[in-house]
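A.B. asks: Spelled out, the chains give:
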Amino acid sequence: MRPDGEAVLEVRGLVKHYPLTQGVLVRRQVGAVRAVDGVSFDLRRGETLGVVGESGCGKSTLGRLLVNLERPTAGEIRYRGEDITRLSGRALKAVRRNIQMVFQDPYTSLNPRMTVGDIIGEPYEIHPEAAPKGSRRQKVRELLEVVGLNPEHINRYPHQFSGGQRQRIGIARGLALRPEVIVADEPVSALDVSVQAQVVNLLERLQAAFDLSYVFIAHDLSVVRHISDRVAVMYLGRLAEVGTDAQIYEHPTHPYTQALLSAVPVPDPDARARRERILLLGDIPSPANPPSGCRFRTRCWKAQRKCAEEVPPLVVPERFRGTGGPAAHVSACHFAAEPGAPGDGEDAT
Amino acid sequence: MPEPTDRIPPEARDAVGSAAGGAAGLATREAESLEGGPVPGTARSAKARSLWTDAWHDLRRNPVFVLSALVIVFLLLIAVWPSLVAGGNPLQCDLAKSQEGPQAGHPFGFDAQGCDVFTRTVHGARASITVGVCATAGAALLGSVLGGLAGYYGGWWDAVLSRLADVFFGIPIILGGLVFLSVVTGRSVWPVVGFIVLLGWPQISRIARGAVVAAKQHDYVQAARALGAGDARLLLRHIAPNAVAPVIVVATIALGTYIALEATLSFIGVGLRPPTVSWGIDISNASTQIRNAPHMLLWPAGALSLTVLAFIMLGDAVRDALDPKLR
Amino acid sequence: MNEALLDVRDLHVEFRTRDGVAKAVNGVSCTVEAGETLAVLGESGSGKSVTAQAVMGILDTPPGRITAGEVLFRGQDLLTMGEEHRRRLRGDRLAMIFQDALSALNPVLTVGAQLAEMFEVHQGMTRRDARTRAVQLMERVRIPAAEERVGDFPHQFSGGMRQRIMIAMAMALEPDLIIADEPTTALDVTVQAQVMDLLAELQREFNMGLVLITHDLGVVADVADKIAVMYAGRIVETAPVRALYAAPAHPYTRGLLDSVPRLDRKGRPLHAIKGLPPSLTDIPPGCPFNPRCPRARDVCHTDRPPLYTVGPERTSACHFWQETLEDRDDAGARR
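Residue numbers (UniProt numbering), protein chains in the order written: chain A, 1 to 349; chain B, 1 to 327; chain C, 1 to 335.
It is worth saying that the hints were derived from the structure and are not from the lab. Warning: the hint list may mix true and false statements.
If you only want the chain A side, here are some residues facing chain B, beta carbon under 8 Å, derived [as the list claims (entries may be wrong)]: (1) 67; (2) 69; (3) 71; (4) 73; (5) 76; (6) 96; (7) 103; (8) 105; (9) 109; (10) 113; (11) 123; (12) 127; (13) 157; (14) 159; (15) 321; (16) 323.
Cβ atoms here follow ideal geometry from the backbone N, Cα and C, with glycine treated the same way.
Okay, chain A solo, but in the shape it has when bound (with noise of 0.2 Å):
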């Protein structure tokens, strides 16, 4: 990969936050959910950034963002230095052939009542001069071959295929307009484990022969480690840490990135015996009511009162700053440090 490419989207202070209304005739805001709250972060061509975050930190909403299908309160998703937030009518229709997208759930994706060449040429009626018209149903075989179906099968209806292949169908469909960026959702979550190393191979294959750029959003570490360049980790709305896959799974400076980590069982018995496990108090606290300053602190074991009242950037940490060390990426803690360093505070566990 060529991690340091152009940027193909420009996120920038992305903000979503859902109205909480209360009365039946006349409508009040009574609060907000606070999906997404200010993240920002690059795509570059032909990477794989990963986002990780547990249920409820907004990754989804960021996903569905950057595909266009909510509008943002506040911030701008540029792509190729155009904020397509705004867009609308043919503008949008045109750049949308450009960021498409792969949900997670490959039984509610597909229409139940569509062939699954009317799914895949779905995309050619939308934007007829993608392909002309006699063209299209040879297009919708060769995708078919593409994602490892046989293109025999194009009348088929989804239930008569198994969960990896309905997934292979989504996938085939997100690619039919050649899009420059996929934003996938957690694609491979809802698939048993052999099904889901060939639906990654698959991904992974794509992305090398289309030149596509991934975001790929999902809670499983170990995933998103394997297939990502770039990882960011987010927890409630906001980007706790961003960096390569070496930064964030080998040097995690950021507190709930080392929890996560620590959490994430590994098959290895043997390991068993060696992991510190951080086990973090709680629950994620609600999006509608976030804890002030850093949203980590009602878990962490380093929590101070300047966590309480300044929101930390997300940044290099001053201690790093400059060291090219493989610490020295954005995190977004006040004590940022490697796990186990001198300085972290208290005791880990």
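Given chain A, work out where chains B and C should sit, using these hints.
C.D. replies: Chains B and C alone, transformed into the frame defined by chain A:
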């Protein structure tokens, strides 16, 4: 224009070749075990198929559909040309034969006025079926369009429409009938049809709204939106086919209710008036005489039941044909 | 101990479906001792949940049907005993934890009432005593402010808290055996870790047998003592946990281990198992894994492999278990 970049690069095919072999091979085997029956499979695979062509293909082979469709065609025929079957005049009655049983030339017997029940039943089809079919069609169309739009767009449009439906839902039939229909002069069926549509659409609209709200939450609707599909495509291609089943069920059941409702209206004197002949009128007349002349009730009520049954079976068959999972 | 806590022998379960008879469980045998954790590992459709349901006596019949086998709990066959006797055992001595706590709890009753009911029904406690026990139990599974939350309804709790309540209900009568069917699959990793730790701790405290049904190789490595790997309704391999991860004796297990991405290292590409699990109405003859197996030879298409004993406390249903075992080091490079 097909640009060269639109073609799938050969290396991509090579790259997925191994996966393709395994998965596709198995897919064939799995699908074979799934299908089993004479499912239109590879034989017609060359031609593009859609939900509607597949549904029609299924329906033609479904005996329930064929039978109910034949019954309906027959009923429609006698509704249009009653004299094909019963040559007599339904209004030519002989009081002397009041309530007499079946006899030669009069297989169904006579009613209280001495009219031939057979002739009246055949001639009653026109009014009853017109009311039933037109009122159902009208209510289903109005109800599913309004309910569907309310469910799809939500917001204030939904709120206004749902309240409006509640208002119409609350109108008592008898009182409403007396008020609405007594101001209408004339004896045609259309005011009655109009009144029933007015009372009937809220029921359908509630069902349609619920079904659309459920269908629009599915990811496939989001997927189509992400592709750039407009509202019309989303509604017609993705939501409607997945929301139509409960509407069909409710509408076919409502059909019978509407035919009976016409009878009630006629009975209180605001529905159809003589010389119009309808099953509803005959049924309400006969119901007072059930002890001494059951045949008076039997034939028009039987015709009504047959009609309702045929439409319900037709509705079921269409609903099943539109669900690929049941194939 | 001369007899095992739970001893399942040659269990067979079938389902009647539209497409014919689905053979969900085809001769499963396994044992669990007190204080031991058996992990039943398998993908969807492998029959792992059906086995659990048959053992618990909560299988939907029809369409399901137990066609053969014995389920001995402390030497008594659960399948032949009377329904009344069995119902008393269930909850009292045997308990189950489900994946989806929200649907396993009654939404219109408070959690306190549901916990208290266990004591009222099984131990004849008064309402007041039962409520006190319910609060204690909620404290035991570390639900904060248990005294205040005992009157809350299930939907007012988070996913992790609901799963704790499920565990509390299962633990209420201090059973000898708990069957946990994907207890943490629906939970986030940080919460999953909390819940698994709690479960392991309670198991140690009460010396219970635990059957953990899961598809997660990571969770298994973390908590299990021994593993039974299921495929197409059969156990294809059993082994102590370390031995299995060090050197699997069945190609399916090998394939599973190779196909999961690892958090602690980055290798690519993943070795996916080709193809799909078989349809249970149409299980291939011979070894059910043969269409997907890299080692399959002629004999695999015709002869069903028995469970070979391949080492201390280890079995494998593969004709070529020996080479599978030995092949461990270059398996990755070979493919």
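A.B. asks: Please go over all the hints and tell whether each is borne out by the structure.
C.D. replies: Each hint tested on the structure:
1. 67: 5 Å, holds
2. 69: Where the cut-off is 8 Å and the nearest Cβ of chain B is about 6 Å from residue 69 (chain A), the hint holds.
3. 71: 12 Å, violated
4. 73: 18 Å, violated
5. 76: 19 Å, violated
6. 96: 4 Å, holds
7. 103: Given a least distance of 4 Å, the restraint on residue 103 (chain A) holds.
8. 105: This hint holds: residue 105 (chain A) lies near chain B, its Cβ roughly 6 Å from the closest one there, short of 8 Å.
9. 109: 4 Å, holds
10. 113: Where the cut-off is 8 Å and the nearest Cβ of chain B is about 4 Å from residue 113 (chain A), the hint holds.
11. 123: 5 Å, holds
12. 127: 7 Å, holds
13. 157: 4 Å, holds
14. 159: This hint holds: residue 159 (chain A) lies near chain B, its Cβ roughly 5 Å from the closest one there, short of 8 Å.
15. 321: 40 Å, violated
16. 323: Violated. Min distance 40 Å.
Comparing the model with each earlier hint shows violations of hints 3, 4, 5, 15 and 16; every other hint is respected.
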